[in-house]
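Single-letter residue listing:
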Amino acid sequence: AQSVAQPEDQVNVAEGNPLTVKCTYSVSGNPYLFWYVQYPNRGLQFLLKYITGDNLVKGSYGFEAEFNKSQTSFHLKKPSALVSDSALYFCAVRRLGHTGKLIFGQGTTLQVKP
Amino acid sequence: NAGVTQTPKFRVLKTGQSMTLLCAQDMNHEYMYWYRQDPGMGLRLIHYSVGEGTTAKGEVPDGYNVSRLKKQNFLLGLESAAPSQTSVYFCASSYPTSPEQFFGPGTRLTVL
Chain D
424 AQSVAQPEDQ VNVAEGNPLT VKCTYSVSGN PYLFWYVQYP NRGLQFLLKY ITGDNLVKGS
484 YGFEAEFNKS QTSFHLKKPS ALVSDSALYF CAVRRLGHTG KLIFGQGTTL QVKP
Chain E
4 NAGVTQTPKF RVLKTGQSMT LLCAQDMNHE YMYWYRQDPG MGLRLIHYSV GEGTTAKGEV
64 PDGYNVSRLK KQNFLLGLES AAPSQTSVYF CASSYPTSPE QFFGPGTRLT VL
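If you're matching them up, the sequences are chains D and E in order.
Our numbering applies: residue 424 is where the first sequence begins, and numbers increase by one.
Our numbering applies: residue 4 is where the second sequence begins, and numbers increase by one.
No lab work stands behind these hints: they were computed from the structure.
Among the hints, a few may not be true.
The calculated lysine to aspartate or glutamate pairs, modelled on DMTMM-like cross-linking and capped at a C-alpha distance of 20 Å, are [unchecked claim]:
hint, chain 1, residue 1, chain 2, residue 2
1, E, LYS74, E, ASP29
2, E, LYS60, E, GLU82
3, D, LYS524, E, GLU33
4, D, LYS524, E, GLU82
5, D, LYS481, E, GLU33
6, D, LYS524, E, GLU62
7, D, LYS500, E, GLU62
8, D, LYS472, E, ASP65
9, D, LYS492, E, GLU82
10, E, LYS73, E, GLU33
11, D, LYS445, D, GLU431
12, D, LYS500, D, ASP432
13, D, LYS472, E, GLU103
14, D, LYS481, D, ASP432
From a predicted model like this one, the values you see are computed outputs, not experimental measurements.
My request is simple: use the sequences and hints to build the entire structure.
Laid out in structure tokens, this is it:
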């Protein structure tokens, strides 16, 4: 069965420190991978995607993600966290040729403290 | 461009009542989706559509119906609401050739 796992319900970091939000997936074939962010009482906003090519993908607001095929992981990273990065982050995967349907992880709350 | 809009933003229903949630997009996207978001479960796909006049079931379709009479609109209906349908509902849309989806602001539904 296809699945996406975000093993941490919450990640706490101090402002200015690097952050990592973890994601692993179980999907056959070569999937598309995504990160979305959700601020309180808002819809999801697209952050970045991996389709093919360089394993390090850069996205919005200084975020990047590293694709690791052997570990089936797609961890979200940022070198220096901001308080305004505090939000709910979702990893998602889409199987090629499956009409755009996304499978989401359960979400990780990022709390950045001043 | 407004992007993806959803109406209403909030709604409270009694068990057994019916309602329709409206999603509209002005990006000329072919694909549209309805998700529900529940704490600790991420987003789950209810129904989706790959074009005007076509719909298909997603992961959790029971208790919901949809219609896509116009390309820009995707309606989600609850014929007889149940407390288990208390959730936040998100609509999204995308191009067939572009993998990212664009989301609306959500509808918070409470069924008493």
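Going through the hints against the structure:
no.: 1; hint: E:LYS74 - E:ASP29; result: 9 Å, holds
no.: 2; hint: E:LYS60 - E:GLU82; result: 16 Å, holds
no.: 3; hint: D:LYS524 - E:GLU33; result: 13 Å, holds
no.: 4; hint: D:LYS524 - E:GLU82; result: 25 Å, violated
no.: 5; hint: D:LYS481 - E:GLU33; result: 27 Å, violated
no.: 6; hint: D:LYS524 - E:GLU62; result: 10 Å, holds
no.: 7; hint: D:LYS500 - E:GLU62; result: 30 Å, violated
no.: 8; hint: D:LYS472 - E:ASP65; result: 31 Å, violated
no.: 9; hint: D:LYS492 - E:GLU82; result: 44 Å, violated
no.: 10; hint: E:LYS73 - E:GLU33; result: 11 Å, holds
no.: 11; hint: D:LYS445 - D:GLU431; result: 7 Å, holds
no.: 12; hint: D:LYS500 - D:ASP432; result: 16 Å, holds
no.: 13; hint: D:LYS472 - E:GLU103; result: 8 Å, holds
no.: 14; hint: D:LYS481 - D:ASP432; result: 24 Å, violated
This entry does not satisfy hints 4, 5, 7, 8, 9 and 14, going by the numbered hints stated previously.
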